[in-house]
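Protein chains in written order, with this note's numbering: chain A, 1 to 117; chain B, 1001 to 1116.
Source of the hints: derived by calculation from the structure; they are not laboratory data. Quick reminder that beta carbons are idealized off the backbone N, C-alpha and C, glycines included. Check before you lean on any hint, since a few could be wrong.
[Claimed, not checked] Calculated cross-link-like contacts (lysine-lysine; reagent style DSSO-like; alpha-carbon spacing at most 27 Å):
no.: 1; chain 1: A; residue 1: K112; chain 2: A; residue 2: K73
no.: 2; chain 1: B; residue 1: K1078; chain 2: A; residue 2: K112
no.: 3; chain 1: A; residue 1: K3; chain 2: B; residue 2: K1042
no.: 4; chain 1: A; residue 1: K70; chain 2: B; residue 2: K1042
no.: 5; chain 1: B; residue 1: K1078; chain 2: A; residue 2: K73
no.: 6; chain 1: A; residue 1: K73; chain 2: B; residue 2: K1083
no.: 7; chain 1: A; residue 1: K70; chain 2: A; residue 2: K112
no.: 8; chain 1: A; residue 1: K3; chain 2: B; residue 2: K1057
no.: 9; chain 1: B; residue 1: K1057; chain 2: B; residue 2: K1042
no.: 10; chain 1: B; residue 1: K1042; chain 2: B; residue 2: K1078
[Unchecked claim] Quick list of simulated restraints, FRET-style, between CB atoms:
no.: 11; chain 1: A; residue 1: G52; chain 2: B; residue 2: E1001; range: 34 to 42 Å
no.: 12; chain 1: A; residue 1: A1; chain 2: B; residue 2: E1068; range: 38 to 46 Å
no.: 13; chain 1: B; residue 1: I1060; chain 2: A; residue 2: S42; range: 21 to 29 Å
no.: 14; chain 1: A; residue 1: T5; chain 2: B; residue 2: G1096; range: 39 to 47 Å
no.: 15; chain 1: B; residue 1: Q1017; chain 2: A; residue 2: Q114; range: 32 to 40 Å
no.: 16; chain 1: A; residue 1: E17; chain 2: B; residue 2: M1015; range: 26 to 34 Å
no.: 17; chain 1: A; residue 1: K3; chain 2: B; residue 2: I1054; range: 21 to 29 Å
no.: 18; chain 1: B; residue 1: L1084; chain 2: A; residue 2: E17; range: 41 to 49 Å
no.: 19; chain 1: B; residue 1: K1078; chain 2: A; residue 2: S80; range: 40 to 48 Å
[To be verified] Which residues of chain B face chain A? A few of them, derived with a C-beta cut under 8 Å, are:
no.: 20; residue: P1008
no.: 21; residue: V1043
no.: 22; residue: F1045
no.: 23; residue: F1061
no.: 24; residue: K1083
no.: 25; residue: E1104
no.: 26; residue: G1110
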Amino acid sequence: AQKITQTQPGMFVQEKEAVTLDCTYDTSDQSYGLFWYKQPSSGEMIFLIYQGSYDEQNATEGRYSLNFQKARKSANLVISASQLGDSAMYFCAMRGATAGGYQKVTFGTGTKLQVIP
Amino acid sequence: EPEVTQTPSHQVTQMGQEVILRCVPISNHLYFYWYRQILGQKVEFLVSFYNNEISEKSEIFDDQFSVERPDGSNFTLKIRSTKLEDSAMYFCASSGASGGPHNEQFFGPGTRLTVL
């Protein structure tokens, strides 16, 4: 079974500062993908960044980077230079590799980030 | 940029009524999914669909639920007899040709279902 743990229900960050959102995971799969999604107050789910289990380099997408520590089973999201528009709920998620290749995404409970002007 | 669309954005229904939530996945995607998010809670997987059949489903997806791809573009979730606890945001998602763990799923904007 797969499990995602996000231990920070809420975070505050000053505008223009960097913030790290924690995520740990548990899986017995050798091949898996880790994802971060952003959910603004409007409700939609916006894909931010992906990290593959065999990727040696940490993923980066603009101001988002994923601090992937495989041995610790952690996949923290780092947002640099926070903006007011970054205020949202952030979900860490993963997909494993079950037989057939049709894998569900397992989500964490989310971290609500609020950016302070 | 191609996107997943869902209709309606908000559906209100009476307990015991049937509802159909509609989704148009990204056109060249082959894997389709439904998730739900009860207000204030995490997103939960319901079902995945490939090659016109269910490939995986969760324990939430009981006999009250069904999915269908009635034509080449739509993907629907039917709830036969809604219960109060079915009130949630329902997300449709799709992913590309390989469907493997290293392909992100693209989510639609969601349908908020309210059961009275």
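How the hints compare with the structure:
Taking the CA atoms of K112 (chain A) and K73 (chain A), the gap is near 22 Å; set against the 27 Å cutoff, the hint holds. For the proposed pair K1078 (chain B) and K112 (chain A), the alpha carbon gap of about 31 Å is over 27 Å, so the pair is violated. Pair hint K3 (chain A) plus K1042 (chain B) holds up; C-alpha atoms about 12 Å apart against a cutoff of 27 Å. Restraint check for K70 (chain A) and K1042 (chain B): the C-alpha separation of about 24 Å stays at or below 27 Å, so the hint holds.
A distance of roughly 37 Å separates the Cα atoms of K1078 (chain B) and K73 (chain A); the hinted pair therefore is violated under the 27 Å criterion. Annotation: proposed proximity of K73 (chain A) to K1083 (chain B) is violated, straight-line Cα distance about 38 Å (limit 27 Å). Among the hinted pairs, K70 (chain A) with K112 (chain A) is consistent with the structure: their alpha-carbon atoms are about 25 Å apart, no more than 27 Å. Distance hint between K3 (chain A) and K1057 (chain B) is fulfilled; the C-alpha atoms sit about 17 Å from each other, no more than 27 Å.
Among the hinted pairs, K1057 (chain B) with K1042 (chain B) is consistent with the structure: their alpha-carbon atoms are about 17 Å apart, no more than 27 Å. In summary, the hint linking K1042 (chain B) to K1078 (chain B) is supported, as the alpha carbons are separated by about 21 Å, within the 27 Å threshold. Look at G52 (chain A) against E1001 (chain B): about 23 Å separates their beta carbons, and that is not inside 34 to 42 Å. Checked against the hint of 38 to 46 Å, the C-beta distance between A1 (chain A) and E1068 (chain B) comes to roughly 29 Å, which is inconsistent with it.
A beta carbon spacing of about 24 Å between I1060 (chain B) and S42 (chain A) agrees with the range 21 to 29 Å that was offered as a hint. For the pair T5 (chain A) and G1096 (chain B), the beta carbons lie near 28 Å from each other, so the given range of 39 to 47 Å is not met. Separation of Q1017 (chain B) from Q114 (chain A) is about 38 Å and conforms to the stated range, judged on CB atoms against 32 to 40 Å. In this structure the hint that E17 (chain A) and M1015 (chain B) lie 26 to 34 Å apart at CB is violated, the actual value being about 47 Å.
About 24 Å separates the C-beta atoms of K3 (chain A) and I1054 (chain B), a value consistent with the hinted range of 21 to 29 Å. For the hinted restraint 41 to 49 Å between L1084 (chain B) and E17 (chain A), the CB-CB distance of approximately 43 Å keeps it satisfied. The hinted range of 40 to 48 Å is satisfied by K1078 (chain B) and S80 (chain A), whose Cβ atoms lie roughly 44 Å apart. Taken as an interface hint, P1008 (chain B) does not check out: its beta carbon lies about 14 Å from the nearest beta carbon of chain A, beyond 8 Å.
For V1043 (chain B), the interface hint holds, the least distance from its beta-carbon to any beta-carbon of chain A being 4 Å, beneath 8 Å. About 4 Å separates the beta-carbon of F1045 (chain B) from the nearest beta-carbon of chain A, less than 8 Å, and the hint is met. The interface hint given for F1061 (chain B) is broken, as the beta carbon of that residue sits about 11 Å from the closest beta carbon of chain A, more than 8 Å. Annotation: K1083 (chain B) was flagged as interfacial toward chain A, and the flag is violated, the nearest CB pair being 22 Å apart, outside 8 Å.
Look at E1104 (chain B): its Cβ gets to within about 5 Å of chain A, closer than 8 Å, so that hint holds up. The beta carbon of G1110 (chain B) comes within 5 Å of a beta carbon in chain A, closer than 8 Å, and the hint placing it at the interface holds.
Against the hints set out earlier in the document, violations occur for numbers 2, 5, 6, 11, 12, 14, 16, 20, 23 and 24.
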